[in-house]
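Q: The lines below spell out each chain.
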Amino acid sequence: MIGTIYNRDKFLNQIASRLNRPRISAPMERTKWKYEPQYEIYKDADQYELLEMLKEHCKKIHTEIFTVDLAGLPEVVNEVVSEYGGGPVVTWKDERFSKWGLDSLMKEKWPSENVDVFEWDYTLWEENVHQAEHANVGITISEITLAESGTVVLFSDKDRGRTVSFLPKTSIILIPKSSLVPRMTQAAVKMREMYQNTGHVSSCINFITGPSNSADIELNLVVGVHGPIKATYIVINDI
Amino acid sequence: MKVTIFATCMVDMFQGNVGKAAVELLERLGCEIEFPESQVCCGQPAYNSGYVKESKEAMKRMIETFSDAEYVVSPSGSCAFMFNEYPHIFAGDPVWEIKAQTLAEKTYELTQFIVEVLKIEDVGASFEGNVTYHTSCHMTRLLGVKEPPMILLQNVKGLKFTELPGKEQCCGFGGTFAVKMAQISEQMVDEKVRHVEETGVDYLVGADAACLMNIGGRMERLGKPVKVLHIAEVLNSH
Amino acid sequence: MAIKIGTEQFTERVDNGIHDDFMRGAVASAQDGMSMKRKAATTEDLGNWEEWRNHGEEIRQHVLKYLDYYLEQLSENVAKLGGHVFFAQTKEEANEYIRSVVQKKKAKKIVKSKSMMTEEISLNPMLEEEGCEVVETDLGEYILQLDEHDPPSHIVAPALHKNREQVRLVFEKKLGYTKSSNPEELAYQARVTLRKKFLAADIGITGCNFAVAETGSFCLVTNEGNADLVTALPKTQITVMGMERLVPTFEEMEVLVSMLTRNAVGQKLTSYITVLTGPKEELDVDGPEEFHLVIVDNGRSNILGGEFQSVLQCIRCAACINVCPVYRHIGGHSYGSIYPGPIGAVLTPLLGGYDEYKELPYASTLCGACTEVCPVKIPLHNLLHKHREVIVEKEGKAPVSEKLLMKAFGLGAASPTLYKIGSKIVPAAMSPFISGDKISKGPGLLKAWTEIRDFPAPNKERLRDWFKNREKGEKS
Numbered sequence: 003m004i005g006t007i008y009n010r011d012k013f014l015n016q017i018a019s020r021l022n023r024p025r026i027s028a029p030m031e032r033t034k035w036k037y038e039p040q041y042e043i044y045k046d047a048d049q050y051e052l053l054e055m056l057k058e059h060c061k062k063i064h065t066e067i068f069t070v071d072l073a074g075l076p077e078v079v080n081e082v083v084s085e086y087g088g089g090p091v092v093t094w095k096d097e098r099f100s101k102w103g104l105d106s107l108m109k110e111k112w113p114s115e116n117v118d119v120f121e122w123d124y125t126l127w128e129e130n131v132h133q134a135e136h137a138n139v140g141i142t143i144s145e146i147t148l149a150e151s152g153t154v155v156l157f158s159d160k161d162r163g164r165t166v167s168f169l170p171k172t173s174i175i176l177i178p179k180s181s182l183v184p185r186m187t188q189a190a191v192k193m194r195e196m197y198q199n200t201g202h203v204s205s206c207i208n209f210i211t212g213p214s215n216s217a218d219i220e221l222n223l224v225v226g227v228h229g230p231i232k233a234t235y236i237v238i239n240d241i
Numbered sequence: 009m010k011v012t013i014f015a016t017c018m019v020d021m022f023q024g025n026v027g028k029a030a031v032e033l034l035e036r037l038g039c040e041i042e043f044p045e046s047q048v049c050c051g052q053p054a055y056n057s058g059y060v061k062e063s064k065e066a067m068k069r070m071i072e073t074f075s076d077a078e079y080v081v082s083p084s085g086s087c088a089f090m091f092n093e094y095p096h097i098f099a100g101d102p103v104w105e106i107k108a109q110t111l112a113e114k115t116y117e118l119t120q121f122i123v124e125v126l127k128i129e130d131v132g133a134s135f136e137g138n139v140t141y142h143t144s145c146h147m148t149r150l151l152g153v154k155e156p157p158m159i160l161l162q163n164v165k166g167l168k169f170t171e172l173p174g175k176e177q178c179c180g181f182g183g184t185f186a187v188k189m190a191q192i193s194e195q196m197v198d199e200k201v202r203h204v205e206e207t208g209v210d211y212l213v214g215a216d217a218a219c220l221m222n223i224g225g226r227m228e229r230l231g232k233p234v235k236v237l238h239i240a241e242v243l244n245s246h
Numbered sequence: 002m003a004i005k006i007g008t009e010q011f012t013e014r015v016d017n018g019i020h021d022d023f024m025r026g027a028v029a030s031a032q033d034g035m036s037m038k039r040k041a042a043t044t045e046d047l048g049n050w051e052e053w054r055n056h057g058e059e060i061r062q063h064v065l066k067y068l069d070y071y072l073e074q075l076s077e078n079v080a081k082l083g084g085h086v087f088f089a090q091t092k093e094e095a096n097e098y099i100r101s102v103v104q105k106k107k108a109k110k111i112v113k114s115k116s117m118m119t120e121e122i123s124l125n126p127m128l129e130e131e132g133c134e135v136v137e138t139d140l141g142e143y144i145l146q147l148d149e150h151d152p153p154s155h156i157v158a159p160a161l162h163k164n165r166e167q168v169r170l171v172f173e174k175k176l177g178y179t180k181s182s183n184p185e186e187l188a189y190q191a192r193v194t195l196r197k198k199f200l201a202a203d204i205g206i207t208g209c210n211f212a213v214a215e216t217g218s219f220c221l222v223t224n225e226g227n228a229d230l231v232t233a234l235p236k237t238q239i240t241v242m243g244m245e246r247l248v249p250t251f252e253e254m255e256v257l258v259s260m261l262t263r264n265a266v267g268q269k270l271t272s273y274i275t276v277l278t279g280p281k282e283e284l285d286v287d288g289p290e291e292f293h294l295v296i297v298d299n300g301r302s303n304i305l306g307g308e309f310q311s312v313l314q315c316i317r318c319a320a321c322i323n324v325c326p327v328y329r330h331i332g333g334h335s336y337g338s339i340y341p342g343p344i345g346a347v348l349t350p351l352l353g354g355y356d357e358y359k360e361l362p363y364a365s366t367l368c369g370a371c372t373e374v375c376p377v378k379i380p381l382h383n384l385l386h387k388h389r390e391v392i393v394e395k396e397g398k399a400p401v402s403e404k405l406l407m408k409a410f411g412l413g414a415a416s417p418t419l420y421k422i423g424s425k426i427v428p429a430a431m432s433p434f435i436s437g438d439k440i441s442k443g444p445g446l447l448k449a450w451t452e453i454r455d456f457p458a459p460n461k462e463r464l465r466d467w468f469k470n471r472e473k474g475e476k477s
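Residue numbers (the numbering used here), protein chains in the order written: chain A, 3 to 241; chain B, 9 to 246; chain C, 2 to 477.
Simulated from the structure, these hints should not be mistaken for laboratory data. Here the structure is a predicted model, which is why all the values come from computation and not from measurement. Treat the hints with care, since some could be wrong.
[Stated by the list, open to error] As a list, the in silico EDC-like pairs of lysine to aspartate or glutamate whose alpha-carbon atoms are at most 16 Å apart:
(1) A:34 - C:134
(2) B:188 - C:452
(3) C:421 - B:171
(4) C:198 - C:283
(5) C:425 - B:42
(6) A:179 - A:54
(7) A:36 - C:290
(8) C:81 - C:396
(9) C:378 - C:134
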């Protein structure tokens with residue numbers, strides 16, 4: 003479906019006339035910028051340094067961080083969930099959970115211990131949001147991870163609902179170590195490449211840095227306002 | 009070296025001691041001083057209030073007055089900055105823009121001139137006392153002179169220096185702002201006075217007579233014992 | 002509430018501000034704290050901060066230069082994704098379009114994330130008139146809304162002027178809140194109340210930090226995560242943007258987001274930066290089914306192409322507000338505009354007219370602190386000066402007495418002879434007011450000065466006379 007555009011010509015003609023030139027409509031070549039300081043930052047950092055940077059920054063954003071090998075992943079996920087008070091747990095539908103050996107935890111151990119687990123299922127429509135709203139823990143996966151700011155980047159789609167990272171009380175984000183990049187610069191380049199290669203961008207890309215917070219009352223930092231109150235990152239050694 | 013003093017109307021009429029100290033200091037550092045009689049006001053009060061037309065005549069007189077000077081030196085960062093603004097003000101003017109540019113290029117604030125042109129960092133002054141320094145906005149931000157006064161003060165024998173808290177904050181002078189927005193100006197200068205008091209110093213030193221007149225005038229009104237000195241006076245003590 | 006807030010005159014507003022001790026304490030500590038955080042996140046952390054500023058400036062200038070082109074590209078891409086785009090030249094047009102969407106959707110419940118643009122077009126009163134319940138979901142905005150629509154006093158921290166006890170009282174009165182004034186408990190109450198609103202809302206309305214022309218995307222920056230819920234839960238999303246708030250691609254978006262968060266709150270990135278592209282996809286469960294973009298001019302195109310164009314470079318980070326020594330003492334409400342501080346003093350007269358706002362450009366010492374910190378290098382203090390020039394020379398709105406005085410100044414200062422005579426008679430003219438070496442009660446303009454401070458008595462001998470006499474002495 004194509005949307006409607008209202009009043010465009012009059013509006014843009016007014017702009018062109020104020021700029022004292024004819025309207026520009028034909029495709030323009032991409033500008034060459036004179037300054038581009040963003041590409042220089044941490045450009046030589048290796049994966050080890052990026053991980054250290056990420057860990058360091060997590061202290062400032064009220065976020066716990068664990069680094070594990072694949073073998074240790076289920077245990078750490080289980081521990082964090084128990085520490086957060088157990089289920090209900092809601093997760094994306096993502097084959098990586100299984101690839102990373104979490105099936106026995108999510109599909110056997112938790113159900114047997116009466117920890118409710120709900121896996122996103124778009125065919126159930128509204129039920130998904132209902133489950134997310136009542137969940138204690140939401141588990142998602144970072145596609146790109148920014149070392150500088152301690153930021154995870156989530157791409158939504160039919161199997162990866164936006165609300166899994168917002169509605170539950172707490173949030174666990176799994177970070178493949180290979181997803182680490184220096185800063186948002188690299189994420190922006192990657193997003194642009196994806197768009198240019200496929201003509202498509204995920205309808206919601208979320209850059210999340212720790213739990214939600216606000217300083218709106220007397221500039222006192224309150225952690226946990228609308229989104230999760232607590233957040234944990236688990237870095238998986240996949241390289 | 010020949011130096012032409014741009015005294016500023018404030019110093020000429022109200023702060024003679026500052027001008028005298030600047031003249032004597034430069035002479036002691038080996039300069040030959042000129043004081044062109046035809047100098048008037050740089051036009052800043054009217055210009056900053058929005059009266060650009062009215063102030064341009066004064067500016068032209070100043071450009072002419074200093075046309076033969078080799079170096080123009082002023083004991084005021086703000087007024088020296090005003091000369092730096094002239095080329096922008098006369099931008100596009102076939103006659104005056106280039107003349108304004110020439111003037112701007114040879115104009116220096118006093119401490120800037122001593123450190124950057126004379127290349128002197130120790131003027132051989134000695135001054136016994138606890139001192140703090142007010143960094144004037146126009147001098148630091150707009151003229152960009154930050155280090156020279158600090159370097160010169162550091163090398164004054166006997167001087168004990170304490171940094172002024174909140175030194176980046178304007179003292180509330182702002183030319184006609186001080187009278188046009190008097191109620192706001194009062195709050196600003198009061199905070200500045202509180203900061204000066206916090207340092208516990210005996211002397212407040214600055215490089216702009218107008219800011220000093222503002223802070224000093226308020227301290228005097230409030231009966232504060234801190235004395236106010238222009239940096240030229242401190243550097244001229246020996 | 003449009004741009005204008007309050008009904009008092011400028012002096013009265015300033016007087017109220019000056020006597021509001023809590024507000025002043027809050028503003029001063031916010032400024033001091035933010036100054037440190039901003040420096041740590043910009044000059045110290047990035048090292049080559051000046052280069053970042055240059056880049057920020059060139060991006061914003063480029064976009065303004067080709068604004069029609071990028072807006073066309075943006076609207077094409079939004080429409081391609083199924084979104085509807087409405088170009089509104091006035092706030093009335095913007096409101097009418099939004100009204101029509103609300104009516105078509107038969108919407109009754111609306112949640113909003115923080116947006117200065119919707120304040121500017123007075124959207125909320127229109128929606129309430131339509132019988133909608135409109136809920137602001139940014140905690141600060143929510144507090145203000147509950148408190149009988151108290152106006153914002155800061156563009157990033159709108160409730161900066163309120164203390165926790167005032168917030169507690171508002172919550173008690175409006176929400177039946179019974180707990181303490183501890184900010185965590187207050188915020189928890191807001192979380193619980195607002196969560197229900199998010200889940201029940203028919204329409205979510207957002208502002209726009211940056212639109213991305215190449216992909217038709219929108220970037221929303223928050224710490225609370227409220228913009229995410231506003232855009233994930235309701236079936237219809239309306240985004241309202243000022244026409245200048247866009248960038249060519251994700252790459253420039255990234256640069257400006259980095260500069261925004263570091264300057265606005267001293268964070269490398271805020272907790273939530275959300276990039277939304279179109280309505281949700283067919284099989285997505287959450288996200289809006291319908292997306293409307295309203296692009297608003299409301300006076301901006303008149304600024305374009307003129308001497309104030311650079312004000313449109315603004316990315317609303319409030320760094321200028323956080324360093325302004327005047328804002329520090331009078332607070333946001335004194336500006337009588339939803340846009341306070343230096344950016345407000347420049348922008349408000351352009352959008353709201355000189356008749357209402359002629360004092361604002363004078364509420365500055367031209368100290369340049371704002372210009373020094375602006376991440377996109379808007380020469381704010383020069384623009385304030387430019388306003389004064391326009392007020393005096395084009396609008397003729399300066400007081401007559403001042404005009405006469407300045408005319409006299411012009412004549413006197415321009416003529417060395419007049420200046421010499423004038424400066425010579427100063428001591429005599431002032432002598433009735435001099436006691437000792439100072440003037441404590443001056444006449445005319447000096448009156449306002451001497452109500453607050455002493456003024457030095459004129460030199461008995463002008464510097465020029467001292468110099469001349471000395472030279473004579475040396476020569477003889």
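Q: Hint by hint, say whether it matches the structure.
A: Hint by hint, here is what the structure shows:
1. Straight-line distance between C-alpha atoms of residue 34 of chain A and residue 134 of chain C comes to about 48 Å, which puts the hinted pair past the 16 Å bound.
2. Restraint check: the Cα-Cα separation between residue 188 of chain B and residue 452 of chain C comes to about 12 Å, which is no more than 16 Å; the hinted pair holds.
3. Distance restraint check for residue 421 of chain C and residue 171 of chain B: the Cα-Cα separation of roughly 40 Å exceeds the 16 Å cut-off, and the hinted pair is therefore not satisfied.
4. With a C-alpha separation of about 25 Å, the suggested pair residue 198 of chain C and residue 283 of chain C falls outside the 16 Å cut-off, and the hint is violated.
5. With a C-alpha separation of about 20 Å, the suggested pairing of residue 425 of chain C with residue 42 of chain B is violated against the 16 Å cut-off.
6. Taking the CA atoms of residue 179 of chain A and residue 54 of chain A, the gap is about 12 Å. The hint holds against a cut of 16 Å.
7. Only pairs whose Cα atoms come within 16 Å are accepted, and residue 36 of chain A paired with residue 290 of chain C is rejected, the gap being roughly 41 Å.
8. Pair hint residue 81 of chain C plus residue 396 of chain C does not hold up; C-alpha atoms about 46 Å apart against a cutoff of 16 Å.
9. Restraint check for residue 378 of chain C and residue 134 of chain C: the C-alpha separation of about 40 Å exceeds 16 Å, so the hint is violated.
The earlier numbered hints that this structure contradicts are 1, 3, 4, 5, 7, 8 and 9.
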